[in-house]
Structures are given as structure tokens and as C-alpha cells.
Amino acid sequence: MRNIRIIAKRELKSYFATPVAFVFIVIFLALTGAFAFYMGGFFTRGQADLEPFFAYHPWLYLLFIPAISMRLWAEERKSGTIENLMTLPISTSEAVIGKFLAAWLFSGISLALTFPIWITVNVLGEPDNGVILASYAGSLLMAGAFLSIGSCLSALTKNQVIAFISAATVCFLFTMSGLDLVLNFFRLWAPDILVDTVASFSFLTHFNAVTKGVIEANDLVFFMSLIVFWLFANIVVVELRKAR
Amino acid sequence: MNVISRIDNHVRAYLGLLLAAVAFISINIFSGEALNGVRVDLTERSLFTISNSTKKVLTSIDEPILMRFFFSKSVGESNPDLATHFERVHGLLKQYVALSDGKIRLELHQPSPYSTDEDKALAYGLSGVATTAAGEPGYFGLAALNSTDDQAVIPFFSLERESFLEYDLTKVVHTLVNPVKKIVGVISTLPVHGRHAPPYGTTPRWPIMGQLDTLFDIHALNAEIRVIPDDVDLLLLIQPTRLTRETLYAVEQFVLRGGRVLIFADPFSEAQSITARSGREHGNDNINLLLSRWGVVMTPDKVAADIDAARRINMPVNGRLQVLDYVVWLSLRPKHFNRKDLVTAEMSRINVATPGILELTRLPKTTVTPLMTTGERTMKIPVSKVAVANPDAIALFRDFKSENKPHMIAARITGNVRSAFADTPPPGAAPQLKKNHLVRSEKPIDVIVVADADMLHEKFWADIRVEGDQRVPTPFANNADFLVNALDTLAGGEELLGLRARRESSRPFELVNEIRRKAERRYRSKERDLIDRINQTQDEVDALVAREGASVGGDVLSTKERTRIDSLRREIVSMRRELRGVQHALREDIEQLDATLKFLNIGAMPILLALLSLVGILVLRVRRKAVA
Chain A
1 MRNIRIIAKR ELKSYFATPV AFVFIVIFLA LTGAFAFYMG GFFTRGQADL EPFFAYHPWL
61 YLLFIPAISM RLWAEERKSG TIENLMTLPI STSEAVIGKF LAAWLFSGIS LALTFPIWIT
121 VNVLGEPDNG VILASYAGSL LMAGAFLSIG SCLSALTKNQ VIAFISAATV CFLFTMSGLD
181 LVLNFFRLWA PDILVDTVAS FSFLTHFNAV TKGVIEANDL VFFMSLIVFW LFANIVVVEL
241 RKAR
Chain B
1 MNVISRIDNH VRAYLGLLLA AVAFISINIF SGEALNGVRV DLTERSLFTI SNSTKKVLTS
61 IDEPILMRFF FSKSVGESNP DLATHFERVH GLLKQYVALS DGKIRLELHQ PSPYSTDEDK
121 ALAYGLSGVA TTAAGEPGYF GLAALNSTDD QAVIPFFSLE RESFLEYDLT KVVHTLVNPV
181 KKIVGVISTL PVHGRHAPPY GTTPRWPIMG QLDTLFDIHA LNAEIRVIPD DVDLLLLIQP
241 TRLTRETLYA VEQFVLRGGR VLIFADPFSE AQSITARSGR EHGNDNINLL LSRWGVVMTP
301 DKVAADIDAA RRINMPVNGR LQVLDYVVWL SLRPKHFNRK DLVTAEMSRI NVATPGILEL
361 TRLPKTTVTP LMTTGERTMK IPVSKVAVAN PDAIALFRDF KSENKPHMIA ARITGNVRSA
421 FADTPPPGAA PQLKKNHLVR SEKPIDVIVV ADADMLHEKF WADIRVEGDQ RVPTPFANNA
481 DFLVNALDTL AGGEELLGLR ARRESSRPFE LVNEIRRKAE RRYRSKERDL IDRINQTQDE
541 VDALVAREGA SVGGDVLSTK ERTRIDSLRR EIVSMRRELR GVQHALREDI EQLDATLKFL
601 NIGAMPILLA LLSLVGILVL RVRRKAVA
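Residue numbers (this note's numbering), protein chains in the order written: chain A, 1 to 244; chain B, 1 to 628.
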């Protein structure tokens, strides 16, 4: 436990050691705001809710989260610091979880810094703040899910670009899994119940449900179990590579 | 050795991953079944949690109910939103089954084309929707039956009614548990039942009456009736103008005997002018005859105007359609309603049009509980100002002067009262009533009076969509819910009250509306000024020019007059420019707000962060220098 905290802190500090973190946050904030106002028509819509703001999060995350996750492991393997990391008296799991938590915290900070729009919508009218709170929670969970996928994929390669693209692709598949594009592939050979289950893996379905203001146990279980699975896969991959 | 252990490791790894994947899938399948319905509802009005009203209805079930739930797979496949909706409906139904203690049985049918399930669905009257390109119908509805073969059907779970889902489902159960509907006698001078009168054309039944059908048995009564039939449980009076004394007597005696009545009386009924009845109906003095004995009177010939609750509408002004706040059409919000009375406790929005004002009389010792009141900034406006073909809405807005007094628009009256006819019933009254003439009420009366009848017309509460031969209302205000709730409380069936109107009506940008209203007040009066002055000046110019044109030979305009024409023309040009400027100013404030907000939300944080990081870097550099 203590080790996880140490690793997480070390990792988080390293984010802010370079201006990369600030650039990332700045662009993230600007884009989420711009999408909400220009593409979502937040002001012209005239409704006091943040639906046009949250609607674009899944798509923005497709771009931003792999950018965070790609350097979690790929860089360490490339620069060789992974050997350094592995000689420390910590287990692989602690390292994986620690890095993941740091990345999740970082994305959480970026998300929290969008608070001006929450203030804005409360000044303009009387929104349902419970719904907004649920939406932020859902967005954070989804970011964690994306991150866990990206982190595992980043451990599979030395090249950050490959890590980025593969993470974006897999996350895209998960996001769209409720639509025919993905389901038709499964319908060919899988039993109905499996197809239904794959359909239920769509990030969009769960995210849209949570942004309505209700957090179902199903949604929580989905996101948490997904994160656990990919972290486990991540640990396995790192262990395998270590053994080499 | 090494190779083998490496392979071993790999095999173990892959096995582990496979197991993990299976575990992941199984956990999700399991939670999908077992944890269905477990949730945290963070919405302000707990829109997604089962309410106490539903629980009460479910415990009141005495005999088994069978629910046949139809959902074609093709519906979910063609529209993912409906697939999610299906999950929600299915989950809710399973919760109902759980809470009903076994009294509800749920059957899920998934009709595919030409199956027996499809035949069943059609037999119940479910609506099919085209799902594939071939147009094969899919079904998404519910048919519920009780042991006495009563039926309650939801033809299609449309997405528009998503927020009414719990209400719709509980209503189905309630209808089956209480199949005997109370009879509502309706005396109406407005054509609420529809009219098939050739000279006036055929008008359909008002959709609001359709909202009553599942709960009540509606009997249309003649407006000149002399005795209320024995089987009538409740009376509904809609715009009871020009009732004869005999009818008033019948109504009064009904009330004195303990009958409940709901009255919608309007000093000016827009609906009457919509439906083009000949002659203007105003003056409700005869219903005041009864009301005054019960504790209120409707102020004759006055409507209530409220500048804060005014509705924003499109109105033709000078031939052009303009958007403005019409101060006598009010959009009432929760702050205008009595939160403690079951009728109005959960209302979000009720639209009234040219409402009258109820004032207390000092006479009887009844309890008058206000149900709907206006805000503080109100004004009494004479009916003559609004009872015209094109009321001057702009003038009403501009000349509005708040009297700083709220007015009562709807009230519930309880208590004991005396007859308005004292000892002498009117000569033409029905003999059986005369024989048993009551001088005072047998038990405390329970009457609801609303000083507006227009709120019943669909243009004030719903968008109507025509589907085949059905007119389907999608409500944007709770007017219909008010009517049903009022009748329900008077009838004594209060279980469904907590469910109605839990829908969120829209949450507009109050600040923007405030700014717009303020700007409009400045703008409208200035615009009127400028237009008047421009017209005046133009008239002057025209007069002078006409003189020049009229003269033939001789009497040509002097140079002084010519310069006058020129200067007047220049004045007009500059006033027109001013007018355009004023029209611009209206939008300016709002556009300014838009730009400011865009900057604050998109640019401010990044700039702030950039500054902070610069400061941070500088501080670090200073510190490093200090150390060095």
C-alpha cells in the first residue's frame, strides 16, 4: 500500500516536471470548453444543464487519454529506466497500480479544472446539480477505463506512437461496441447472450446512462471490473517482459 | 531449462488472461441480472427512484395481475436508444414484481414477424413500428390484465414519455386495481367534447379530456340541466357563463348534499374566441352568485397580469411577427403553487391565459386555501383591453405598472355554507330538489375554483401529434396533470398524485431571460417613440411636398420651406439610424454575455495556468540561483 502511494507520487511529480502536463491540461480545457460552446451550442441552446459539455467527453478522451497512457510503460522500456524500476523493492502489481493511479489522478485534475463551466451554468440558471455531479463521476470513471486499456497496451510496445494508436483503437471499439459496426462481427459466430453482453460493453451506453443522473450498480461494476481486468493484463504483460 | 520455464510462463500468462477475461464477462452478465435496479439517484427530484406512491399502489393490489411485456429484438437493433429504454422499462417492471409480493406476474414476449406473439400484440392494440428497411413491424409495449378481464395497455413505450415511465406503469396497475371509474358530469360552454355542428365546422374532442378517460367516466351534461343525475360522483364546470338560475340551483344543491365540484371560470375565454362562438362571453356574475356564498368572488371584468411570469410568444404586430412577453399569458412555476396541497405540490409549470382574480368575501366561515397565485409584480387589467382581435401586447408590456400585490388564481374551498337561495328555490327548479331543499350544507363542502378556463385548451399545455386517427399529446406544461389531480383529490383517489408532474420541465437560462426582458423594456418604449416621431415627421414632409405638387403655376415653395423639407428628411434618416441602433442594443447585451462566457470557459483557465506555470518556473529559477 505504502509503495503504491510512493510510486504514484513519484509518477505524478514527473508529469509536472516538464511543461508537457500544463500544455496537455491547457489544450484539454480549451477543447472541452470550445466543443461545449461551439459544437454543442451550450449558450444558444438556452437550457441550464451541461449535456452539451459532457456529450463530447468520450470523443475527447479518445484523443487525450492515450496521450497520457502511452508514456506510462513504453517510455520506460525505451529509455531503459524500467530496469531501474524493477530493481526497487516493489512488486510489479504495486508498480502498475501506482502508475495507473497517478495517471488517473492527473486526468482527474484536468477534469476538475473545468469547474468554470459548472459555475457558469449555475449563474445562468438553475441546473440539476445532482445530474452534473453524476456526470463528472461518470466522466472520471470512463477516463479510468480508457487509461487502464491504454496502460496495458503501452506495456506491450517500446514505441509510444504504437502505444497511442493501439490504445485509441481499442478504446474506440469499446466506445462503439453498442453499434452494428462491432456487433455484426460477433453476431456471425457468437450466441445471443454473448452478443448482448458485448453490446453492453459500450462505454457510450454506460456513460449516457450515468449522465442522466443515476449511477446504476451495473455501470459501476462495468467500469471497475474493466479497470481491474486491464490492470491485471497489464501486470501479466510487465511480468512476462521482465522474465525475458 | 530456460526455454521451458519461459514457455511455462507464457502459457500461465495466457491462461491467466483467458480466465480473467471470462471472469470479467461473467461478472458483468451476473451484475446485469442480479444487480438490476440497484442504483444511486442523484437527480434533484429523484426521477429514477420508485416513489412512495407507486409502493402504495403496489401494496393495494388485491388480486393477481398479469403483465405481458412485448419487445421485438429488431426494435433494439435498429435504435440503440430504444434498447437502453427497454432495459430501463424491464428493470422497472421487475422491481414492480418484487414489490408486489407476488401479485404481479411478468411475461416477456419478443414478437418476430408473423409469430403468434405478434398476433397477441396486435390483439391488445399495441402499435408496431417499422424496424427494418423491409418495414417489418417491431413492438415495444405492455398489456396488463386482471382476474376480471379488465385490460390496461401501453401501446408503445416512446422515448418522449421516458420521464413519465413510472407514472404510466403505476397508472396501469392502478386502473386494474380500481376498475370502476368515478363518474364526472361535465357542464361546459366550451366545446371540450368536440363539436359536430355544420355551421361552425367539426372540432375534435379536446385532448385534455382524453387524459381523464383512463381514470374517470365522463358524462357530458346539458348546460341547462335542472338536476344533477344521481350517478354523477363529481361535477366539472367549464366556463359556466349564462347558467340559468335553475341550473345554478341544481349545482348548489348537489354541493350542499356533499357533492364535489371543480370549476373553471374565466373572465375572458380565449378558447371561446378560438372556437368562434358568436357573441362575446364575459361577465361571470351568475357563478359568482354561488361562489360568493362559498367565500370567494371572481373580480368582474378584470384579468391578472404578471410581468415576471409573462410568457414569451410570437404575436403579429403591425403586420410583422414579433417575439415579446405577453403579460396576461402567464407561465406559472413552483413558486406560484401551494406546495402543501396534493393537487399542486409537484407541479413544475402551468400555463394560464388571461386569468381572472379570486378575491375573498368576508361573509361565510369557510377555509379558502390558495392553490395558484401570481407573483408580486402584478396589475389588474380590464378585460376590454384583451378581448379584441389583436390585443396591443406591446402597450400592455410598456404601460405595465406593478401594484405589488399577488393575486389568487385558483383555490380550494372547504367548510360549511348556506344556500344562495335561502328559503326560496327558483320557480323552474326540478321538483325533487324543491321538495328536499337544503338551506345549509349537510357536511363541509370541498370545491376547487380556478379563474381560468383557457388552460384546458391544448395550445397551452401540449404539442399534438397526429398518429393515424389518434391525436397524441406531448405535454410541455402540467395543465392536464392539474385537472386530473384536482378531480382525483375531490374524488378521494390520492395514490397517483405524487407521481404526476414529476417530469422536469425545461430549465431555461433565467439570467439571459432577465437581461432580455430588461433590454426589451428599454427598447420597446424607445422603439415606439422613434416610430411615432418618424411617422410624424414624415407626415410633415408629405404635407409640404403635397402643397408644392398641388400648386399649378405660381405659389412655388419658398426657399425657407425647401430647407425645412431637407432638414426634416435628414432628421428622419438620423432617427432611423437611431432606431436600428436600439434594435441592435437589444441583442448586444446577450451577445456580450455569450462572448464573455466563451472567454471565461475556454480561455481563462488556460491563461491562468500559463501564468501560474510561468510564475512557478521563475520561482524555481530564483531558488536554484539562491542555492547555487
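Mixed in with the good hints there might be a few duds.
[Claimed, not checked] So the derived label-pair ranges between C-beta atoms look like this:
| hint | chain 1 | residue 1 | chain 2 | residue 2 | range |
| --- | --- | --- | --- | --- | --- |
| 1 | A | M176 | B | K73 | 15 to 21 Å |
| 2 | A | I165 | B | R580 | 51 to 57 Å |
| 3 | B | K55 | A | I165 | 50 to 56 Å |
| 4 | A | L60 | B | R533 | 35 to 41 Å |
| 5 | B | E578 | A | N122 | 33 to 39 Å |
[As the list claims (entries may be wrong)] Taking lysine to aspartate or glutamate and the EDC-like style, the derived pairs with C-alpha atoms no more than 20 Å apart in a straight line are:
| hint | chain 1 | residue 1 | chain 2 | residue 2 |
| --- | --- | --- | --- | --- |
| 6 | B | K73 | B | D8 |
| 7 | B | K560 | B | E540 |
| 8 | B | K302 | B | E403 |
| 9 | A | K242 | B | D8 |
| 10 | B | K560 | B | D542 |
| 11 | B | K335 | B | E403 |
| 12 | B | K73 | B | D119 |
| 13 | B | K598 | A | D196 |
| 14 | A | K13 | A | E75 |
| 15 | B | K302 | B | E359 |
| 16 | B | K335 | A | D196 |
| 17 | B | K103 | B | D168 |
| 18 | B | K182 | B | D446 |
| 19 | B | K73 | A | D192 |
| 20 | B | K335 | A | D192 |
| 21 | B | K73 | A | D196 |
[What the hints assert, rightly or not] Only some residues are given here: those of chain A computed to face chain B with a beta carbon under 10 Å:
| hint | residue |
| --- | --- |
| 22 | M1 |
| 23 | N3 |
| 24 | T32 |
| 25 | A34 |
| 26 | A36 |
| 27 | M39 |
| 28 | E75 |
| 29 | P127 |
| 30 | I215 |
| 31 | E216 |
| 32 | D219 |
| 33 | A233 |
These aren't lab readings, by the way, just hints derived from the structure by calculation.
Every residue, glycine too, gets a C-beta built ideally from N, C-alpha and C.
Hints and how they fare:
One distance hint, 15 to 21 Å for the beta-carbon pair M176/A and K73/B, holds here, with the actual separation near 20 Å. Roughly 55 Å separates the CB atoms of I165/A and R580/B, a value that falls within the hinted 51 to 57 Å. For K55/B paired with I165/A, a C-beta distance near 52 Å keeps the hint of 50 to 56 Å intact. Under the hint 35 to 41 Å, the C-beta atoms of L60/A and R533/B, about 54 Å apart, miss the expected range.
Checked against the hint of 33 to 39 Å, the pair E578/B and N122/A passes, with Cβ atoms roughly 38 Å apart. The suggested pairing of K73/B with D8/B is violated, with an alpha-carbon distance near 45 Å, which exceeds 20 Å. Our distance criterion of 20 Å between C-alpha atoms is met by K560/B and E540/B, whose separation comes to about 14 Å. For the given pair, K302/B sits about 14 Å from E403/B by alpha-carbon distance, which is consistent with the 20 Å threshold.
Between the alpha carbons of K242/A and D8/B the distance comes to roughly 14 Å, so the proposed pair stays at or under 20 Å and holds. At most 20 Å may separate the alpha-carbon atoms for a hinted pair to count; K560/B and D542/B meet this at roughly 16 Å. Note on K335/B and E403/B: the hinted pairing holds, with a Cα-Cα distance of about 19 Å set against a maximum of 20 Å. Pair hint K73/B plus D119/B holds up; C-alpha atoms about 16 Å apart against a cutoff of 20 Å.
Taking the CA atoms of K598/B and D196/A, the gap is near 42 Å; set against the 20 Å cutoff, the hint is violated. This hinted pair checks out: K13/A and E75/A have alpha carbons roughly 16 Å apart, not beyond 20 Å. Using a Cα cut-off of 20 Å, the hinted pair K302/B and E359/B holds, with the two alpha carbons roughly 12 Å apart. For the given pair, K335/B sits about 46 Å from D196/A by alpha-carbon distance, which is inconsistent with the 20 Å threshold.
As the CA atoms of K103/B and D168/B are separated by approximately 19 Å, the hinted pair is consistent with the 20 Å bound. Only pairs whose Cα atoms come within 20 Å are accepted, and K182/B paired with D446/B is accepted, the gap being roughly 16 Å. Distance hint between K73/B and D192/A is fulfilled; the C-alpha atoms sit about 11 Å from each other, no more than 20 Å. A distance of roughly 51 Å separates the Cα atoms of K335/B and D192/A; the hinted pair therefore is violated under the 20 Å criterion.
For the proposed pair K73/B and D196/A, the alpha carbon gap of about 11 Å is at most 20 Å, so the pair holds. A distance limit of 10 Å between C-beta atoms decides the matter here; for M1/A the minimum to chain B is near 23 Å, and the interface restraint is violated. Against a cut-off of 10 Å between C-beta atoms, the interface hint on N3/A is violated, since the closest Cβ of chain B lies about 22 Å away. Taking 10 Å as the C-beta cut-off, the interface hint given for T32/A holds, the closest approach to chain B being about 9 Å.
Against a cut-off of 10 Å between C-beta atoms, the interface hint on A34/A holds, since the closest Cβ of chain B lies about 5 Å away. Because the smallest distance between the Cβ of A36/A and any Cβ of chain B comes to about 7 Å, under 10 Å, the interface hint for this residue holds. Restraint check, M39/A versus chain B: the minimum CB separation of about 12 Å is more than 10 Å; hint violated. Violation of the interface hint for E75/A is found here, the shortest Cβ-Cβ separation to chain B being roughly 22 Å, above the 10 Å cut-off.
Satisfaction of the interface hint for P127/A is found here, the shortest Cβ-Cβ separation to chain B being roughly 6 Å, below the 10 Å cut-off. Hint on I215/A holds. Least Cβ distance to chain B is approximately 5 Å, under the 10 Å limit. Because the closest C-beta pair between E216/A and chain B is about 5 Å apart, less than 10 Å, the hint holds. Against a cut-off of 10 Å between C-beta atoms, the interface hint on D219/A holds, since the closest Cβ of chain B lies about 9 Å away.
A cut of 10 Å between beta carbons decides the hint on A233/A: the least distance to chain B is about 6 Å, and the hint holds.
The structure fails hints 4, 6, 13, 16, 20, 22, 23, 27 and 28 (numbered hints given earlier, in ascending order).
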